[in-house]
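Undergrad: Work out the full structure: start from the sequences and follow the hints.
Here are the chains, one letter per residue:
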Amino acid sequence: MISFTLNGQPVSVEVEEDMPLLWLLRDELQLTGTKFGCGVAACGACTVHIDGIASRACQTWAADVAGSEVTTIEGADSKAAAAIQQAWVELQVPQCGYCQSGQIMSASALLSEVPKPTDEDIDIAMDGNMCRCATYARIRKAIHRASEIMEA
Amino acid sequence: MLHYLDKALAAPKPSRRSFLKMSAGAVGGLLLGVPVPKGASAQNGDDGLIQPFVHITPDNRVIVLSKHLDKGQGAATGLATLVAEELDADPAQMLVQFAPSNPQVYANLLFGVQGTGGSTAMANSWTQYRESGAAARHMLIKAAAEAWGVATESITVSKGMVSAGGKSATFGELAAAAAKQPVPETVTLKSPEDWTLIGKKLGRVELPDKTRGSVGMFGIDVQPENTLIAVTARPPRFGGTVASVDASEALAMPGVQQVLTIPQGVVVVADNTWRAIQARDVLSIEWDFSNAENRGTDQLIAEYRALLEQPGLPAGTRGAGAAKLSDAAEVIELDFTFPFLAHAQLEPLNITIEYDGSRARLWSGFQIQTIDHNVASAVLGIPFENVEINTTWAGGSFGRRAISDGHYTAEAAMIGKAWLEATGSARPIKMVYTREDDIKGGYYRPLHLHRVRAGVDARGNLSGWEHRVVGQGIMIGTAFEDFLVKDGVDESSLEGVNDTPYAIPDMVVDVHHPSVGVPVLWWRSVGHTHTAYVMEVMMDRLAAAAGRDPVEFRLAHLEGEPRLAEALRRAVEAAGEVPSGMHRGIAVHKSFNSYVGEVADISLRDDGTVKVEKVACAIDCGVAINPDNVVAQVEGGLAYGLSAILREEITLTDGEVDQFNYPDYTPLRITDMPEVSVEIIESTEAPTGVGEPGTPPIGPAVANAIANATGQIITELPLSKHGLA
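So the sequences go chain by chain: A and E.
Each step along the first sequence adds one to the number in this note's numbering, with nothing skipped, and position 45 is 343.
Each step along the second sequence adds one to the number in this note's numbering, with nothing skipped, and position 351 is 1425.
Keep in mind that the hints are not guaranteed to be accurate.
To be verified - Derived CB-CB ranges, DEER-like:
(1) E:Thr-1260 / A:Pro-413: 50 to 60 Å
(2) A:Asp-421 / E:Glu-1790: 28 to 38 Å
(3) A:Ser-310 / E:Glu-1360: 52 to 62 Å
(4) A:Ser-310 / E:Leu-1184: 35 to 45 Å
(5) A:Asp-417 / E:Glu-1227: 36 to 46 Å
Said to hold, decoys possible - Residues from chain A shown here face chain E by an in silico Cβ test under 7 Å; the list is partial:
(6) Glu-372
(7) Gln-393
(8) Gln-398
(9) Met-428
Keep in mind that the hints were calculated from the coordinates and are not lab data.
Quick reminder that beta carbons are idealized off the backbone N, C-alpha and C, glycines included.
TA: What follows is the structure, encoded as structure tokens:
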């Protein structure tokens, strides 16, 4: 039995210790907001927060999150996440949108840590999140915009 | 190609007309078997006003039925804009749903079947969806006039409200009465000066949901209760087959329900995706490669090079063809090599099927619904009307989901059938590709080689152009062959060369389409992905040979092409002065009836790699229905092209694909993204393509900038081969 906090609620699940958190979330707990892109931590589509740190769910074992607080896009309600979501719509960031759960989780973790990021901060925080539609220019602008929204 | 698929598509093959007839015939009668009503006058109105493209619900929502897949290109919002404009709806009340599969009602008017691609969504829907909105508006007005006892002329409609005198009503309040009105035979559309939504910024209808996890939107997120997961072990060489399989270890793994052998490979069905993948890893399979493609890309390139020495199929001649080369003052001769490319859309291919032996329901980001529908019906051996095709939002496509042989629908149908036979159960099954399945799975942009000899005369004008292309034709052997391949020549290998807008008075083009067992497909902007590169790199070399400025040289050869010339001028103007420390390259190209100029400014990093710093772009795509979406598509389109030229390449060794996943097939990252400006050229012409035309010019613009920076002429892609990326 693996117990952890998921989006603020306690959960206990009976799964293999080495089942990736991604598939635990998607297939066992029916939380499909966290996306499968590559399975090898190379695209960032499965980014979630584990104890506030942006992490790739596809390369995190179920056993690794025992006792942790896991937040997925469905439960992203921090000040930073709300600002990011608002800026994302304002600047019309998503195209296909498939990577955007991961982009938003990475960007909100960045803003929680660094409220006024530079372009270089953004490059470092977001380089692991691939967007095949290449919405990168708008992602960059929207992170700066979200930073303003948070200040206001 | 799998035999049963040839059979399944035998009927639609002969011509475009019979393809449509076959599909339509299979439907039975107009609108039969789909949840689209038989005409408003037949409705009792309880569900509001229901027309094939527009529903108005009693709770005051306007639902637009999108016949087009939306894979991020914004088609859904585009169609909603057209309806809302003519209906005078409030944008906030607009919703979009994907239309059911019915080629009689929802055909792409340019294809004759229901499908999305070739940047045609707005072009073919432009009149149809506006007329649908105008018809619904007319019926609402008639209903209000009857209810209020006033003349229709006294009624106004604005932002979702119908008003006359002191009376007013919402669309929802009038919907039931409007449903009883006859559908008008003809409608008058607004003049452009009366537009309030077309050409303005209308936010994309689905974006708020896409910032909250896109719950239930994508095919891969469809999981009806009790859904099982299927992953397939496919032959590691294209055309291979299963010789024998030992599944005993896999069957003993937790969660595994069945191991099924189908023509495409060996399928593990399990209760969880990870468990299915784990079990697939321990399958012991012997493959039969006797009919497989066993060549590697080095060998293919060597064979293609040999073909460059031999005359190909004649594809086009202008004037005196190559003969003029003997008069040329300078001749430039270059060979080009373009690799196989994977689409690598972020949502891996997937399809969910629920099949009980007589009826089937399928969910996926279907892109050519008529083909997928026919293939599912043929493979399952059940009538067309017993198959329900549910189109979901798609996590990218770039061409990958527009499959002319319906291969993954066929595979899912095979799995559904084999599962039912093995278990008697009708549980839904979701077939999922892993990223490795996707990267190694073929349907690539085909490998192409070009050889060009072109000259300029003593006055610096083009004089003779000889062009040979070697590459697989993507239409050859598909349902589209008979109307897109002529005399053996697949135009999709030559578009952008054969029909070049440049005034080249003397030109000759020929082509070889070698038979290769690697499945190939259209890839964002199709043939233009390589033809634009060749044409625009050549134009820079020829301008240099003529001692002319590359912009002036192009403009001099575009006198009959004012829209293309303007796109180039505007892009150059927008780019301004070359920033210090940077090097500039330009390119201009027409594709999908749109005109795009791009100016790339690059710098060289200390390690010798290229950083594309800025791109200025100008596009003429006719009326820009949603200008911000046009900008987004051009930004993304050119970045997709940039991604390809930097590092993307699929290679094969002895028939096996060398790359496996994003660590070694490496699309663009945020750190590679240039600053992009996009200028939309004002136009009153009908809308043309937007999703693809931004892609072709970026490659040659960057290549020309590299040539200007270093003198190196890049004729073999990607740039990473040369240490430049």
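Undergrad: Next step is simple, just say for each hint if it's right about the structure.
TA: Hint check results:
no. : hint                               : in the structure
1   : E:Thr-1260 / A:Pro-413: 50 to 60 Å : 59 Å, holds
2   : A:Asp-421 / E:Glu-1790: 28 to 38 Å : 30 Å, holds
3   : A:Ser-310 / E:Glu-1360: 52 to 62 Å : 43 Å, violated
4   : A:Ser-310 / E:Leu-1184: 35 to 45 Å : 55 Å, violated
5   : A:Asp-417 / E:Glu-1227: 36 to 46 Å : 58 Å, violated
6   : Glu-372                            : 5 Å, holds
7   : Gln-393                            : 3 Å, holds
8   : Gln-398                            : 6 Å, holds
9   : Met-428                            : 6 Å, holds
Hint compliance for this structure: hints 3, 4, 5 are not met, and every other hint is.
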